[in-house]
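Since chain A is already given, all that's left is putting chain B on it; use the hints.
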Amino acid sequence: MTRSERKNLLMGLAFISPWIVGLLALTLYPVLLSLYYSFCDYDVLSPPVWIGTLNYTDMVTDNVFWLSLWNTVVYTAFAVPLGLMLSLLIAVLLNQPIMGRSIFRTIFFLPSMVPLVAVAMIWLWIFNGKFGLLNEILSMIGIDGPNWLTDPKWTKPAIVITSLWQTGGTVVIYLAALQDVPRHLYEAAEVDGAKPWHRLWHITIPMISPVIYFNMIMGLIGSLQVFVGSYVMLGGGGPDRSALFYAVYLYENAFKYLKMGYASAMAWLLFLLIVLLTWIATRLTCKHIHYGN
Amino acid sequence: MRLADRPFPACLLVFVLCLWGGCSEHQDQYTPDGRLILTYWEKWTGFEAQAMQQIVDDYNQSQQKVYVKMLNVSQIDQKLLLAAAGGNPPDIAGLWSHTINIYAEKSALTPLNNHLEARHIGKEKYVPVFWDLCSHRGYVWGLPSTPSTMALHWNQRLFAEAGLDPQKPPQTIAQLDQMAEQLTLVNVIRDGKSLQVRYPQLTVEEKQAKRFEIVQLGFTPSVPGWWNEMWGFWFDGELWDGENRIQSDHPGNLAAYEWMAGYYQKFGVENLMKFGSSFGNFASPQSPFFSERVAMVLQGTWNFNFIQQYAPQLQWAAAAFPSWEQTDGKPVSIVETDVLVIPRGVRHVREALDFICYVNQQPVMEKLAMGQRKFSPLATVSPTFYQQHPNPYIKVFAQLAQSPNVRYVPRMTIWQEYKDEMVVAIDQLGRLEVSPQQAMDNVQKRVQRKLDRAQRRWDRVEIQRISDWQKVMSDDTQ
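From first to last, the protein sequence lines stand for chains A and B.
Counting in numbering that gives the first Met the number 0, the first sequence runs without a single skipped number right up to 292 at its last residue.
Counting in numbering that gives the first Met the number 0, the second sequence runs without a single skipped number right up to 477 at its last residue.
With the rest of the complex left out, here is chain A (with noise of 0.2 Å):
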């Protein structure tokens, strides 16, 4: 390396220097931290004591772990599906060369402009169980509508149907990759007489399969991760825990009760969890997704 090329090395290094300095110590430190605090007793006040492998034992037989796992895989079974082909047909829709397009683009993308704790607290009114607009429209219907957010039975419905209301970053993103798709190969349809349905299925879905992909993932990773709703609208798991998803119940253990090396083993597997899902579904739709060239 020339004089010159190791200054210009040099200059770039301190120009990125505060992300790098940030990447090791804010999130490279911290995460190497929390996998040595995963193999102790930790309370954060007092020094953490080495114990091995304990708390990943004490998951296996910590019911309230299990439950907590089991609601999340509920919950981001139907979310993340949901979630997807909600945000595809909106997109679809506002695709149309319809009046007032971005006006309807616009409104349909402001809830995601809304904090998350703001949204939980309106939907703690909608879902409410005798005064909740949701009741009020099915009893129009002739449906006595459900005690959302006390009946364990409903409470993940209800997050799920939250967490579809805030769809509009992903619509954005379908909006785009719609644009993409190439107009000759709709005309070339048509002129074989394809019908709208057919040119969806055959054309559009096809074209736009890595943005899918790439919407599940993030959904996939977003839905394990869920925490808002339940800890706001629930406080915390709700009644009977049927809503103590994954993340709350490592919030609840690293700053309620102070188990931080309990709280740090259950990240770490939530890694290794999402990795592990994130592969799957890589593995299980790779062969399904077009990527042009």
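Hint data in this document are derived by calculation from the structure and do not stem from the laboratory.
Treat the hints with care, since some could be wrong.
[As the list claims (entries may be wrong)] Just the calculated beta-carbon pair ranges, DEER-fashion:
| no. | chain 1 | residue 1 | chain 2 | residue 2 | range |
| --- | --- | --- | --- | --- | --- |
| 1 | B | G191 | A | F103 | 46 to 54 Å |
| 2 | A | T105 | B | T44 | 32 to 40 Å |
| 3 | B | F46 | A | L272 | 44 to 52 Å |
[To be verified] Using 25 Å as the maximum straight-line C-alpha spacing, the simulated SDA-like pairs for lysine to any residue come out as follows:
| no. | chain 1 | residue 1 | chain 2 | residue 2 |
| --- | --- | --- | --- | --- |
| 4 | B | K418 | B | A254 |
| 5 | B | K192 | A | Y256 |
| 6 | A | K155 | B | S221 |
| 7 | A | K255 | B | P409 |
| 8 | B | K78 | A | L115 |
| 9 | B | K105 | A | E135 |
| 10 | B | K444 | A | Y256 |
| 11 | A | K152 | B | D440 |
Quick reminder that beta carbons are idealized off the backbone N, C-alpha and C, glycines included.
Relative to the frame of chain A, chain B by itself:
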């Protein structure tokens, strides 16, 4: 060569200086007139914070040595935890008494025994329970500020409407149950017409089928539901033996939850759930007691303030909550107090304690209690205190704190986990999915294991902790 010509060393230098500045040792701060500044974190907001600020201002004017700077801090327990872990806590903090033992055992607080002995401050100065609430494992960790007890609040107008004497609250659990029925209004459909009747006027069939809608409820143990895990105290129950055994399956607790389940069986799970979902927040006019939809509730000393704010027209009164088998006629209540503590690692323990002791002087404490509309934890109270107090029932709350049957949250480090398990068990009980025995057995099994683990951890560090506390005390008093 100028530094500006050498960008890499210049950037590095600036960066190191920034880090240096951020990681520097905590420095004492002084006012322009040379007074040492003490930082005081307090959880209160609103009029309670204003009352404390007045005391702080009085103290700052009363001497020239230190200046106490009060900061209102939300979620103080978590923030104090992080500040203590980071080695930069405030000089004084206002905590709740139920958190003292947790912080003490983790060496986050300064033990004060030697300091208090030197100042001749002892248990005799206080109503005994408050000294106990500030102590843990034989050490004193702070001094009380203003306390609260829980009492029965009843709506006198609804009593009169139901044909009950508005001046006479229930004296026994049986009377409470009977009055609760009389005070309950329900909508029922008879011959195709909707009628509003009192619960005792329902037919046996209607009661069994739970074919009614609750409009107004006399009482239910689940409203407000803040101390559901402690109902056993009113039935001679215990939650913990004080050593190494959980006692959620204590006969007193089982009796309490049989009683609680009785309300769900009587009024119907669905009916209560539907009625409960119509409530607004506690701090709002839609709160069930303020909106006169529940006639009797167990509430704390603070309820008076909220009634004044949200339902000033409410005709109410307060008395001891009836208990199952009153011991020598002494009432049962739950007590809690705010505690002023000095976090561990504070450099000016003496100065911080000077302020805490100032707050604990009788006239100062009474001024604070009056401002916060609570009562004084001190054994001696001036005769005018109760006369001038805005809460007409303040003496009821003060007397409850002196009852031998007054109880408090078990002083165990795993209490939060224990409480959460109890909440889940009572939730299941509230839907009549499990019997009280099953519910409490589940809690017993789960929490006992947690207690055993906490005990093992304590056994490992006990000697080190206690010698540590002794050392801190001897260092501080030298």
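Structure-based check of each hint:
no.	hint	in the structure
1	G191(B) <-> F103(A): 46 to 54 Å	48 Å, holds
2	T105(A) <-> T44(B): 32 to 40 Å	37 Å, holds
3	F46(B) <-> L272(A): 44 to 52 Å	48 Å, holds
4	K418(B) <-> A254(B)	18 Å, holds
5	K192(B) <-> Y256(A)	53 Å, violated
6	K155(A) <-> S221(B)	23 Å, holds
7	K255(A) <-> P409(B)	17 Å, holds
8	K78(B) <-> L115(A)	23 Å, holds
9	K105(B) <-> E135(A)	51 Å, violated
10	K444(B) <-> Y256(A)	18 Å, holds
11	K152(A) <-> D440(B)	24 Å, holds
Consistency note: the structure conflicts with the earlier hints numbered 5, 9.
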